[in-house]
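Residue 220 in the numbering used here sits at position 218 of the sequence shown; the count goes up by one each step and never skips.
Possibly wrong hints are sitting among the right ones.
Straight-line alpha carbon distances no greater than 25 Å define the calculated BS3-like cross-link-like pairs of lysine-lysine that follow [claimed, not checked]:
#1 125 x 105
#2 154 x 5
#3 65 x 211
#4 4 x 163
#5 4 x 41
#6 4 x 232
#7 232 x 211
#8 163 x 105
#9 41 x 65
#10 93 x 105
#11 65 x 93
#12 34 x 125
#13 93 x 34
#14 105 x 154
#15 65 x 154
#16 93 x 232
#17 65 x 105
#18 41 x 211
#19 34 x 232
#20 5 x 211
#21 4 x 34
Restraint ranges, calculated between C-beta atoms of paired labels, are given here [said to hold, decoys possible]:
#22 61 x 32: 15 to 21 Å
#23 61 x 192: 25 to 31 Å
#24 179 x 57: 15 to 21 Å
Keep in mind the hints are simulated off the structure, nothing from the lab.
Quick reminder that beta carbons are idealized off the backbone N, C-alpha and C, glycines included.
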Amino acid sequence: MKKTLTVRGLTIGEGAPKICVPMVGATLSQLKEEAVYLKTLDLDIVEWRVDFFEHVEDMEEVKTALGEIRAILADTPLIFTFRSAREGGEKEISPDYYFELNKLIAESGHVDIIDVELFNDEKEINTLIEIVHEHSVFAVISNHDFDRTPPKDEIVSRLRKAQELGGDIPKIAVMPRSSSDVLTLLDATNTMNEQYADRPIITMSMAGKGLISRLAGEIFGSALTFGAAKQTSAPGQIDVVELRRTINLLHSNL
């Protein structure tokens, strides 16, 4: 039986896909203002995209800012994500700093989920996942391909690898160049969900062409989708209000 994942009373992996909205402020004041605004929206999860933060290369500044965010979003499930430049993020940092930062945040008690990029050293990933789980935090193991949509078997393989490495939620996002690429992602999602996944997964086809994948996750097996508040963090994200309305429409007719 497939496991679900419950964070602060929110169960991921059952019912309609949960909606996550990223925080992308560059300064602490912007982040605090953003957090206050997000409290007014109908969302399920907030993701702090720390690669947008101007002091991301200072661990103490990151930890301080995270404490301020958590104080505002006290009851909201929170994902901590440093997205590397090679996977569509704002900055590149050394692997050593990446893992030390994520370990520090896992130990902070302020986050519920940490995003770990799949294309890193496996031993380092294993060590980080152990620390994450020791502190009762969950891990998304993710991969983002901004250049193309890999073949179906490759998408499934990456998701299975993320699961084998101990990711509580395997995730992949790919860039479509044609409508058939979107079908490839949806087919891979369905196959992973029905044949291999024993836990929730997240998949999406990016940009406008892939929008259907952000809306129809419940049909194909993706448990979470990303919407935007004032600024997007990836191509294809739509306003969270419209996203909720569409997801509810699909859910009510299944």
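Each hint tested on the structure:
1. This hinted pair checks out: residue 125 and residue 105 have alpha carbons roughly 14 Å apart, not beyond 25 Å.
2. Note on residue 154 and residue 5: the hinted pairing holds, with a Cα-Cα distance of about 24 Å set against a maximum of 25 Å.
3. Straight-line distance between C-alpha atoms of residue 65 and residue 211 comes to about 37 Å, which puts the hinted pair past the 25 Å bound.
4. For the hint linking residue 4 to residue 163, the alpha-carbon distance of about 17 Å falls within 25 Å, and the restraint holds.
5. A C-alpha spacing of about 31 Å is found between residue 4 and residue 41, which places the hinted pair above 25 Å, so the restraint is violated.
6. For the given pair, residue 4 sits about 35 Å from residue 232 by alpha-carbon distance, which is inconsistent with the 25 Å threshold.
7. Restraint check for residue 232 and residue 211: satisfied, since their Cα atoms lie roughly 21 Å apart, inside the 25 Å limit.
8. This hinted pair checks out: residue 163 and residue 105 have alpha carbons roughly 21 Å apart, not beyond 25 Å.
9. This hinted pair checks out: residue 41 and residue 65 have alpha carbons roughly 21 Å apart, not beyond 25 Å.
10. Annotation: proposed proximity of residue 93 to residue 105 holds, straight-line Cα distance about 19 Å (limit 25 Å).
11. With a C-alpha separation of about 18 Å, the suggested pairing of residue 65 with residue 93 holds against the 25 Å cut-off.
12. Our distance criterion of 25 Å between C-alpha atoms is broken by residue 34 and residue 125, whose separation comes to about 35 Å.
13. Our distance criterion of 25 Å between C-alpha atoms is met by residue 93 and residue 34, whose separation comes to about 21 Å.
14. A C-alpha spacing of about 33 Å is found between residue 105 and residue 154, which places the hinted pair above 25 Å, so the restraint is violated.
15. A C-alpha spacing of about 39 Å is found between residue 65 and residue 154, which places the hinted pair above 25 Å, so the restraint is violated.
16. Taking the CA atoms of residue 93 and residue 232, the gap is near 21 Å; set against the 25 Å cutoff, the hint holds.
17. A C-alpha spacing of about 11 Å is found between residue 65 and residue 105, which places the hinted pair at or below 25 Å, so the restraint holds.
18. Of the supplied pair hints, the one linking residue 41 and residue 211 is violated, its CA atoms being roughly 30 Å apart against a limit of 25 Å.
19. A hinted pair counts as satisfied when its Cα atoms are at most 25 Å apart, and residue 34 with residue 232 qualifies at roughly 14 Å.
20. A distance of roughly 31 Å separates the Cα atoms of residue 5 and residue 211; the hinted pair therefore is violated under the 25 Å criterion.
21. Restraint check: the Cα-Cα separation between residue 4 and residue 34 comes to about 37 Å, which exceeds 25 Å; the hinted pair is violated.
22. Taken as a hint, the range 15 to 21 Å holds for the pair residue 61 and residue 32, whose Cβ atoms sit roughly 20 Å apart.
23. Separation of residue 61 from residue 192 is about 41 Å and departs from the stated range, judged on CB atoms against 25 to 31 Å.
24. For residue 179 and residue 57, the Cβ-Cβ distance of about 37 Å falls outside the hinted range of 15 to 21 Å, so the restraint is violated.
When each numbered hint is compared with the structure, violations occur for hints 3, 5, 6, 12, 14, 15, 18, 20, 21, 23, 24.
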